[in-house]
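Keeping their order, the protein sequence lines are chains A and B. Every position in the first sequence, counted from 1, becomes a number in our numbering once 2 is added. Every position in the second sequence, counted from 1, becomes a number in our numbering once 8 is added.
If you're looking for bench data, these hints aren't it; they were derived computationally from the structure. Please note that the accuracy of each hint is not assured.
Unchecked claim - Which residues of chain A face chain B? A few of them, derived with a C-beta cut under 8 angstroms, are: (1) ARG92; (2) LEU96; (3) ASN311; (4) VAL359; (5) ASN361; (6) THR363; (7) VAL368; (8) LEU369; (9) SER372.
As the list claims (entries may be wrong) - If you anchor each label on the Cβ, the simulated ranges turn out as follows: (10) B/GLY257 / A/LYS342: 42 to 48 angstroms; (11) B/LEU124 / A/PHE388: 44 to 50 angstroms; (12) B/ILE262 / A/LEU322: 56 to 62 angstroms; (13) B/LEU31 / A/ASP339: 40 to 46 angstroms.
Just so it is clear, the structure is predicted and the values come from calculations on it, not from any experiment. Using N, Cα and C, we set each Cβ at its ideal position, and we do this for glycine too.
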Amino acid sequence: MTIFITSLCVQAQITVCTTCTISSIQQGIDLATAYDTVFVEEGVYFEYNIAIGKPLTILGENGAIIDGQKQGTILKVQTTNATISGLTLRHVGLSHTEEYAAVHVSNTKHFTLNRLTVEDAFFGFLIEGSSKGRITNNKLSGESEMEFYSGNGIHAWKSKELVITENEIRNLRDGIYLEFVDNSEVVNNLSENNIRYGLHFMFSNNNAYSNNTFTKNGAGVAVMFSKFIEMKDNHFLNNWGTASFGLLLKEIYDAEITGNTFDENTVAIAVEGSSRITYQHNKLSANGWGVKMSGGCYSNKFLSNAFSNNSFDVSFNSRLNDNEFTGNYWSTYSGYDLNKDGIGDVPHRPVKLFSYVVNKTPESIVLLRSFFVDLINFTENVAPVFTPVDLIDNSPLMRVPS
Amino acid sequence: MLNIIRYTFYDLLRSRWSIFYMLFFMLTSTALLFLSNDLSSAIISLMNILLILAPLVGTIFGVIFYYNSSDFTELLLAHPLKRSTIFLGQLYGLCISLSLSLVLGLGIPFLFYGLLYSDAIFDFLILLVDGVVLTFIFVGLAYIIALKNDNKVKGFGYALLMWLIFAILYDGMLLVIMMQFQDYPLDTFSLVSTVLNPIDLSRILILLKLDISALLGYTGALYQKFFGTVVGISISFTLLAIWSLLPSGLVLRIATSKDF
Numbered sequence: 003m004t005i006f007i008t009s010l011c012v013q014a015q016i017t018v019c020t021t022c023t024i025s026s027i028q029q030g031i032d033l034a035t036a037y038d039t040v041f042v043e044e045g046v047y048f049e050y051n052i053a054i055g056k057p058l059t060i061l062g063e064n065g066a067i068i069d070g071q072k073q074g075t076i077l078k079v080q081t082t083n084a085t086i087s088g089l090t091l092r093h094v095g096l097s098h099t100e101e102y103a104a105v106h107v108s109n110t111k112h113f114t115l116n117r118l119t120v121e122d123a124f125f126g127f128l129i130e131g132s133s134k135g136r137i138t139n140n141k142l143s144g145e146s147e148m149e150f151y152s153g154n155g156i157h158a159w160k161s162k163e164l165v166i167t168e169n170e171i172r173n174l175r176d177g178i179y180l181e182f183v184d185n186s187e188v189v190n191n192l193s194e195n196n197i198r199y200g201l202h203f204m205f206s207n208n209n210a211y212s213n214n215t216f217t218k219n220g221a222g223v224a225v226m227f228s229k230f231i232e233m234k235d236n237h238f239l240n241n242w243g244t245a246s247f248g249l250l251l252k253e254i255y256d257a258e259i260t261g262n263t264f265d266e267n268t269v270a271i272a273v274e275g276s277s278r279i280t281y282q283h284n285k286l287s288a289n290g291w292g293v294k295m296s297g298g299c300y301s302n303k304f305l306s307n308a309f310s311n312n313s314f315d316v317s318f319n320s321r322l323n324d325n326e327f328t329g330n331y332w333s334t335y336s337g338y339d340l341n342k343d344g345i346g347d348v349p350h351r352p353v354k355l356f357s358y359v360v361n362k363t364p365e366s367i368v369l370l371r372s373f374f375v376d377l378i379n380f381t382e383n384v385a386p387v388f389t390p391v392d393l394i395d396n397s398p399l400m401r402v403p404s
Numbered sequence: 009m010l011n012i013i014r015y016t017f018y019d020l021l022r023s024r025w026s027i028f029y030m031l032f033f034m035l036t037s038t039a040l041l042f043l044s045n046d047l048s049s050a051i052i053s054l055m056n057i058l059l060i061l062a063p064l065v066g067t068i069f070g071v072i073f074y075y076n077s078s079d080f081t082e083l084l085l086a087h088p089l090k091r092s093t094i095f096l097g098q099l100y101g102l103c104i105s106l107s108l109s110l111v112l113g114l115g116i117p118f119l120f121y122g123l124l125y126s127d128a129i130f131d132f133l134i135l136l137v138d139g140v141v142l143t144f145i146f147v148g149l150a151y152i153i154a155l156k157n158d159n160k161v162k163g164f165g166y167a168l169l170m171w172l173i174f175a176i177l178y179d180g181m182l183l184v185i186m187m188q189f190q191d192y193p194l195d196t197f198s199l200v201s202t203v204l205n206p207i208d209l210s211r212i213l214i215l216l217k218l219d220i221s222a223l224l225g226y227t228g229a230l231y232q233k234f235f236g237t238v239v240g241i242s243i244s245f246t247l248l249a250i251w252s253l254l255p256s257g258l259v260l261r262i263a264t265s266k267d268f
């Protein structure tokens with residue numbers, strides 16, 4: 003009993019302010035004992051390489067700013083059960099050789115990064131070999147211009163069971179980068195204007211991301227060499243440029259892509275060598291390419307998706323097809339529905355000859371929308387010679403599925 | 009010359025063809041606007057129609073009008089009028105009448121739809137300019153063919169062939185060449201060859217304005233670089249201007265030396 007009471011009493015609060023006796027955060031941390039709270043009052047603290055070596059809660063008041071003076075990493079978490087909340091971190095160091103971050107978490111468990119604002123980040127949060135972390139309600143922004151001289155917003159490596167929610171990430175290289183990260187969730191984030199990807203998976207299995215918005219990134223989301231990824235209800239908007247994608251899939255297997263919206267991307271979904279993926283209830287509107295498949299893509303299913311006003315709905319670079327297209331809506335569909343059951347009576351071929359030609363000779367795209375191209379598309383549609391014969395939607399919908 | 013332009017203009021108005029032409033554009037653009045509910049995609053669809061129709065209608069009208077008014081032309085030639093006045097007057101009267109139908113037919117529905125409050129107004133203006141320029145070019149070319157051929161059937165055939173070449177065969181040839189030589193760098197070739205055909209040039213100008221440029225990938229970047237600069241824009245507009253003035257110059261040369 004006595005031990006219990008004392009241990010409760012020990013949970014003290016240490017206040018740090020610019021005019022107090024404890025005027026630096028490092029000093030506060032050093033004075034604290036495990037499970038204390040270090041309360042940081044309003045003010046600008048010029049500090050970097052602040053090491054958190056014991057389980058602490060560091061709580062910032064509104065207007066508490068740590069300025070790294072571009073010297074290096076600002077906060078280093080090297081303990082379990084650390085919580086950092088409410089601080090503004092700015093001016094992270096820039097380097098070609100070191101990965102400086104606003105918060106660097108390494109080899110730990112149960113950490114929480116909450117309500118942090120990172121300005122002028124090189125890397126935002128750098129997480130290595132950690133598990134069971136929560137990264138929520140943060141705002142990260144950088145001033146990235148060149149890919150080789152910039153860092154990622156949330157960069158996780160060899161970690162497990164992370165929850166990344168409600169973050170806003172802007173102007174970095176990759177918004178969120180996950181490499182060897184398993185069983186994690188990415189929900190309700192906004193990632194925009196990043197020069198490479200909004201969200202990037204590498205060798206990461208069994209993850210889910212949903213309800214995120216990816217706008218105006220080099221590419222919205224890139225999923226590479228990963229298995230069992232669930233992608234639900236995300237918005238991919240305006241990822242527009244000569245080499246931009248909404249969603250890029252490379253060598254991934256067994257994924258579920260459901261209920262996403264793709265608007266005005268150069269390529270909505272670019273797929274390379276990916277198999278056993280189910281695409282359901284996605285809406286693809288006003289993109290350059292709807293789905294651009296290349297390499298060996300087998301046993302993929304496209305069910306109840308809506309393809310509206312894309313320059314090319316589906317582009318496919320081989321004559322062999324092992325993918326299933328059933329019950330999708332195609333705005334280019336020209337058939338009829340006599341029995342009024344909402345399903346067109348004539349099958350639809352989504353691959354146009356011109357998309358095949360463009361795959362072979364990219365320069366020929368200058369003939370886009372010319373009368374001749376419409377003519378050859380029509381003839382190919384009547385009697386397919388170059389496009390896969392069995393790539394066909396036998397029950398195309400007459401209206402956009404709700 | 010103004011008198012002849014005016015006469016030609018009223019003649020066409022009386023025959024109601026220019027009214028039909030205007031009504032056709034009015035109907036299609038209204039239908040497209042209400043079906044697509046979006047100015048940008050309506051402009052793209054209209055572009056498809058315009059790039060085929062403006063040259064075709066210009067060609068056919070040019071030939072028919074020349075042959076139909078040949079009696080009247082001969083009557084005029086008996087008067088103390090310069091040949092340039094007579095032929096250019098008829099040519100421009102026809103061009104202006106057709107262009108007016110096109111501009112009004114497209115413009116009125118878009119105005120009612122709220123074009124002025126939209127940022128697509130510049131794209132729409134380019135569409136109109138393209139339509140007018142194409143009308144001038146193809147009416148002029150058709151006139152040349154008609155002047156050269158007194159046989160109506162032959163003249164009509166040649167005129168249609170001319171339209172076919174510019175609107176379809178040229179692109180087909182381009183595509184075949186590009187596919188044959190795909191191992192070679194084709195950017196400059198495709199740029200030059202599209203600029204040389206007025207229909208292709210008009211199409212590219214509209215497509216680039218409608219931000220399809222990103223879709224064009226690397227080639228698009230090259231195009232954007234060319235057409236985005238003052239030099240590129242002035243080159244392409246100069247070419248369009250040359251294209252629209254060249255036929256009337258030729259009409260003048262042929263008409264002054266022709267033995268009626």
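Structure-based check of all given hints:
1. Checking A/ARG92 against chain B by beta carbon gives a least distance of about 34 angstroms; that is not within 8 angstroms, so the hint is violated.
2. Look at A/LEU96: its Cβ only gets to about 30 angstroms from chain B, farther than 8 angstroms, so that hint breaks.
3. For A/ASN311, the interface hint holds, since its Cβ comes within 8 angstroms of a Cβ in chain B; the closest pair sits about 6 angstroms apart.
4. Given hint, A/VAL359 at the interface with chain B, holds; its Cβ is 7 angstroms from that chain's nearest Cβ, closer than 8 angstroms.
5. The interface hint given for A/ASN361 is violated, since its Cβ lies 11 angstroms from the closest Cβ of chain B, which is over the 8 angstroms cut-off.
6. Because the beta carbon of A/THR363 sits about 4 angstroms from the nearest beta carbon in chain B, less than 8 angstroms, this interface hint is met.
7. This hint holds: A/VAL368 has a C-beta 5 angstroms from the nearest C-beta of chain B, less than the 8 angstroms allowed.
8. Evaluation of the A/LEU369 hint against chain B yields a held restraint, the C-beta minimum of about 5 angstroms falling below 8 angstroms.
9. Residue-level restraint check for A/SER372 holds (minimum Cβ-Cβ distance to chain B is 5 angstroms; threshold 8 angstroms).
10. The hinted window of 42 to 48 angstroms between B/GLY257 and A/LYS342 is violated, with their beta carbons roughly 60 angstroms apart.
11. For the pair B/LEU124 and A/PHE388, the beta carbons lie near 45 angstroms from each other, so the given range of 44 to 50 angstroms is met.
12. In this structure, B/ILE262 and A/LEU322 meet the distance hint of 56 to 62 angstroms, their C-beta atoms being roughly 58 angstroms apart.
13. One distance hint, 40 to 46 angstroms for the beta-carbon pair B/LEU31 and A/ASP339, is violated here, with the actual separation near 32 angstroms.
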